[in-house]
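K.L.:
Below are the chains, spelled out letter by letter.
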Amino acid sequence: MTAPLDGTVADTDHNDHIFTVLVADDEPDVRELVSYRLSRSGYTVIEAKDGEEAIRLATEHCPDCAVIDVMMPKIDGYEVTRALRSDERTRLMPILLLTARAQESDIQTGFDAGADDYLKKPFNPDELVARVRAILSRR
Amino acid sequence: MLVLRRIWISTTERTEGRIETRIRPTVLGFLDGDIPGIRDLTRRDRGVFDRLLIRYSNQISGSKLDSVSQYFSSTHEIDREIATLLSARRAWKRYLAAQRLGAINATVAGPALIVALRDKNFEVRRATVRSLGRLAVADATAGLISALAEGRTPDSLTLWALLQMGAPALETARAHLANGDDRMKIYAIRLVELLGSPRDSVAISTLVHDLSPGVRSAAALALGRLGGASSLTLLLELLEDEEGSVRRDACKALGRLRDKTAIASLLLHADTDEFDVAMASSEALFATDPSILVDLDPGAISSALMESRDLAFIERS
Amino acid sequence: MHYFFDVTAIFTITYFALLNGIYVLFTLIAWRSLSMNLKRRNLQGFEEPFDTPFIPGITVIVPAYNEETGIVDSVRSLVDLRYPKFEIVVVSDGSTDATVERLKDEYDLVPAHRAARKILKTKPIISSFVSRHHPNIWVIEKENGGKADALNVGIDVARYPYFCAIDADALIEPDALLQVAAPILSDPDRVVASGGIVRIVNGCTVDHGRVVEVDLPKSRIAVFQVIEYFRAFLVGRVGWTRFNSLLIISGAFGLFRRDLVTKLGGYATDTVGEDLELVVRIHRYHRERKLDYRVVFVPGPVCWTEAPEDLLTLSRQRRRWHRGLGQTLWKHRAALLRPSLGALGLFALPYFLFFEFLGPVVEVAGPPITIVAFVLGYLSVPFLVAFIVIAFLLGVTLTVAALTIEEFNFRRHRHPRDIVRLLAYSITENIGYRQLTDLWRTMAFVDLVKGKTEWGAQRRRGFQSRSS
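Which chain is which? The protein sequence lines are A, B and C, in order. Be aware that the first sequence starts at 1, since it is given in this note's numbering, and climbs by one per residue. Be aware that the second sequence starts at 1, since it is given in this note's numbering, and climbs by one per residue. Be aware that the third sequence starts at 1, since it is given in this note's numbering, and climbs by one per residue.
One chain only, chain A, in its complex shape (with noise of 0.2 Å):
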């Protein structure tokens, strides 16, 4: 299946279904730009400020996926994604982590951690989009 251009096409399965994203991450400005750039691709997007809303959005309304900043304030991403594996209703959802960090440790804590993916800030949004097709094409 050809891969849909970029921005334009509203991705959907065969179900014509929107998939629900959700951006967790304390900086407004990444915020921003990921949900203005999901959303032009066609998903809808659920923003999270910080660990613990995220984790409470997440369980509440079961997003499609989740994009996760590692270093947030009371709890960070690994943290998260250790609550969602081990919630029932999240324990399937894929999770990519976003980092400032890409040591080796550090992405595997993010693996072990349960993660799906990871990408590096600054990141390139195109990459993220792509990233996220894919991991919710792997389903």
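The hints are simulated quantities; they were obtained by calculation from the structure and are not laboratory data. Model, not experiment: these values are computed from the prediction. Glycine included, each C-beta is placed from N, C-alpha and C at the ideal position. There may be inaccurate statements among the hints.
[Unchecked claim] Quick list of simulated restraints, FRET-style, between CB atoms:
#1 C:R220 with B:R316: 39 to 49 Å
#2 A:E127 with C:R132: 42 to 52 Å
#3 C:K85 with B:A175: 27 to 37 Å
#4 A:S86 with B:G151: 42 to 52 Å
#5 B:S197 with A:R85: 25 to 35 Å
#6 B:T206 with C:F243: 28 to 38 Å
#7 C:I427 with B:R118: 46 to 56 Å
#8 B:P298 with C:Y160: 20 to 30 Å
With chain A's structure known, arrange chains B and C on it following the hints.
P.N.:
Relative to the frame of chain A, chains B and C by itself:
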């Protein structure tokens, strides 16, 4: 006076906040390729637009930044900043210019930034290094290396910038492995460690017998990360080095390799009185095979081993 | 008789001129230095320099004695610290309350042996625990021995090359560790210690261990302290750093090179002001050997602490601080006025001796002598009035200047009315509050001179800043 200033600041902030909210979609649209949208911005809006654009640019990478630099190029902002960087009298202005050029992705400013590596103000040089790293200006490799050698810029930051360059930095680093200066050799080893591949372990292995313990240490750590055919043997050899710090780093490296044949030697070294070496080998054992630790007799082992042993138990449960 | 008052007058004027001269100098230095600093901070980008594996790790040591109420919040703020490589070691100094229990519950602690170097002589460790979820959080229980002893245990078990001593009742901002480490990362061979700023949390809104809103305290006493802290920290410490004679890296928040401190024998357990004493020792060590080194104050990173809101606790705190100062000065009296020790021996130590330590005595003795002189007719009234007015104005100006610097540079306070309140208080701070602290410090001075035997009793009681 204070109070007035404060009030003024908060009002300006509020107005600007409002403008920002209005302009934000335009900025985002711009980043997304919607370039014509910016035509109808007033001058005041422009200011906010520029600032927002710089802020967002800081967060992203990739092809989108090309349009950012094109934009700032078209408004001649880049030229202005370059001129400031090279010739402004006040260090503060030069510092700002160096910072901004990196933020707005002005790759054309590469040459100017390289020149600025010799600026007489430390902060300016530091900002320059950061921007060079962000822009990943390959030509800057030589300049950065010489800045390292002369100690003109903080080494952690300069190393980071070199890492951003990728392949060109690796080339230069390989060449400097044979450098006469120990410090430079160590920097070169670190760069190869992070940028190189297992093939490079051959070049590193010659440094394992260097006269300087610092170099031997760095070589050990590099071998641990790079891997390679003979790394294990060399590291086991380094476990018997005369310098404690080298033995310690050899243990660390073995912890990365996680090769079980090293276990026997690591156990030996985990029982020494030298705390750092004992800790490093205990941690290496934990990384390689925690089950070994569980079988040890707690009464007969070093403090360091006891810690790793307890951690192994916890891991298990 | 006349001579006595003449001499006193000259002495007082000289003292006054010198002291305020120094204050003015420092204020100017602070102004210049902080302006650059501010602008730089506004442009803070990423932590790219810290994205390499070569960054040195930091062991955060939290000495705690009966801190059950605040310890979880405090550790929480530490866990949130944004630094790539660090561990937290809480050292409970024989706490008799639920400090360790609270931590056990919050962090799912399990027993685990913690390797110790056993280089520093300390009271024995009773037990140690590690957190199952956060393997970087350790809690060590030891026999009671005082704060310095607890810190030394932390140093003895520290895994990383640097350690950061943080008070158990302090709240640290997430970026604070990175910021306080910045000078060390830029210049690892020379910078051996750095300290951040301590601010008063009374009145601020705290959520999950983080200060979310900065407000002025309601308590008058606390507001006075807020002002005092601004003056002492911003102005004083920036100034001293300039001369590489920063003597006070606050015990509440200081970063040190571990091997150096270990070599020096760790914190001294025989003084009350162990933080000050250590820093003086660090300075002496390097200056005596003519080694190139720096001890730096970083104005950005903030550590929030609770200020006493009642006079009794405040008085105890000030007396303790003053005792510590006296003990340290006495211990290092050989360094006083030694040219070989540069700015430390010739400037910093004498300053602390004459102005900080003996100063309060002078200021307390002033009014009575003045009254006597007046009564005996030796005083010219215009002169006296002029003196008082100038002293007052100068005091207020300096305080306001300090406030301005803070305001310009950090703009932490949300409401303009807070500034007005601060301004109002800075005027009254010079009448009353300052004299009060001087009185307490004089009492401490008298205590010291009288009974050196008190030191022993100090050690046993623990070092709780609120209770002792």
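K.L.:
Determine for every hint whether it applies to the structure shown.
P.N.:
Each hint tested on the structure:
1. C:R220 with B:R316: 39 to 49 Å: violated (57 Å)
2. A:E127 with C:R132: 42 to 52 Å: violated (36 Å)
3. C:K85 with B:A175: 27 to 37 Å: About 30 Å separates the Cβ atoms of K85 (chain C) and A175 (chain B), which means 27 to 37 Å holds.
4. A:S86 with B:G151: 42 to 52 Å: holds (50 Å)
5. B:S197 with A:R85: 25 to 35 Å: At 34 Å between Cβs, range holds.
6. B:T206 with C:F243: 28 to 38 Å: violated (48 Å)
7. C:I427 with B:R118: 46 to 56 Å: holds (51 Å)
8. B:P298 with C:Y160: 20 to 30 Å: holds (26 Å)
Going through the hint list in order, the structure does not satisfy hints 1, 2 and 6.
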